[in-house]
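Counting in the working numbering, the sequence shown runs from 1 upward without gaps.
Keep in mind that the hints were calculated from the coordinates and are not lab data. Hints should not be assumed to be uniformly reliable.
[What the hints assert, rightly or not] Subject to a maximum C-alpha distance of 30 Å in a straight line, what follows is the list of computed DSS-like cross-link-like pairs (lysine-lysine):
hint, residue 1, residue 2
1, K43, K105
2, K9, K105
3, K43, K9
4, K52, K9
5, K105, K52
[Stated by the list, open to error] Label pairs and their computed distance ranges (CB to CB):
hint, residue 1, residue 2, range
6, G14, G107, 40 to 46 Å
7, G14, M85, 45 to 51 Å
8, R26, M85, 29 to 35 Å
9, K105, E2, 14 to 20 Å
10, P80, Y17, 32 to 38 Å
11, A87, Q20, 29 to 35 Å
12, R83, Q50, 28 to 34 Å
13, T81, K9, 23 to 29 Å
Ideal Cβ positions, reconstructed from N, Cα and C, are used throughout, including at glycine.
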Amino acid sequence: MEGLQITIKGWEDGERYERQVETTDRWVLHTADELTLVVNDEKSVTITQQPKAINATRMGVGACVWEGELFLAAYLVSLPTYRYMGARVVELGAGPGLAGILLAKMGAKGHVALWACFGSRAGIYLIGQMLGI
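Starting from the given sequences, assemble the full structure and let the hints guide the process.
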């Protein structure tokens, strides 16, 4: 994905790792505790993930970043940033909120953004932690 750099951090065989990801493989992305997306070498978004909480009895799909969210981020980055200046963002089915947080960093009114995580209180709590609220 042009203009995007993806770095993941996590634990593997009892050792902490940090590596850049070249392809958007769900099995790789969902093992990481943290995913950092750098846009055009200037803006970055770090998402805290909870990969062990994906199953239906826990947090569900809001626990980790999915490939579709990365593709959406790549598309949004490819457009002129003036399109987002002052825009209000409504992100439904936000997962961990990557697209909304990215748009806020690109000039959208992040403080009025709304995230809805398919009724997952744990997902909303995770996004709130990342936003510091």
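Hint-by-hint comparison with the structure:
no., hint, result
1, K43 / K105, "7 Å, holds"
2, K9 / K105, "22 Å, holds"
3, K43 / K9, "18 Å, holds"
4, K52 / K9, "14 Å, holds"
5, K105 / K52, "28 Å, holds"
6, G14 / G107: 40 to 46 Å, "42 Å, holds"
7, G14 / M85: 45 to 51 Å, "46 Å, holds"
8, R26 / M85: 29 to 35 Å, "33 Å, holds"
9, K105 / E2: 14 to 20 Å, "18 Å, holds"
10, P80 / Y17: 32 to 38 Å, "36 Å, holds"
11, A87 / Q20: 29 to 35 Å, "30 Å, holds"
12, R83 / Q50: 28 to 34 Å, "32 Å, holds"
13, T81 / K9: 23 to 29 Å, "28 Å, holds"
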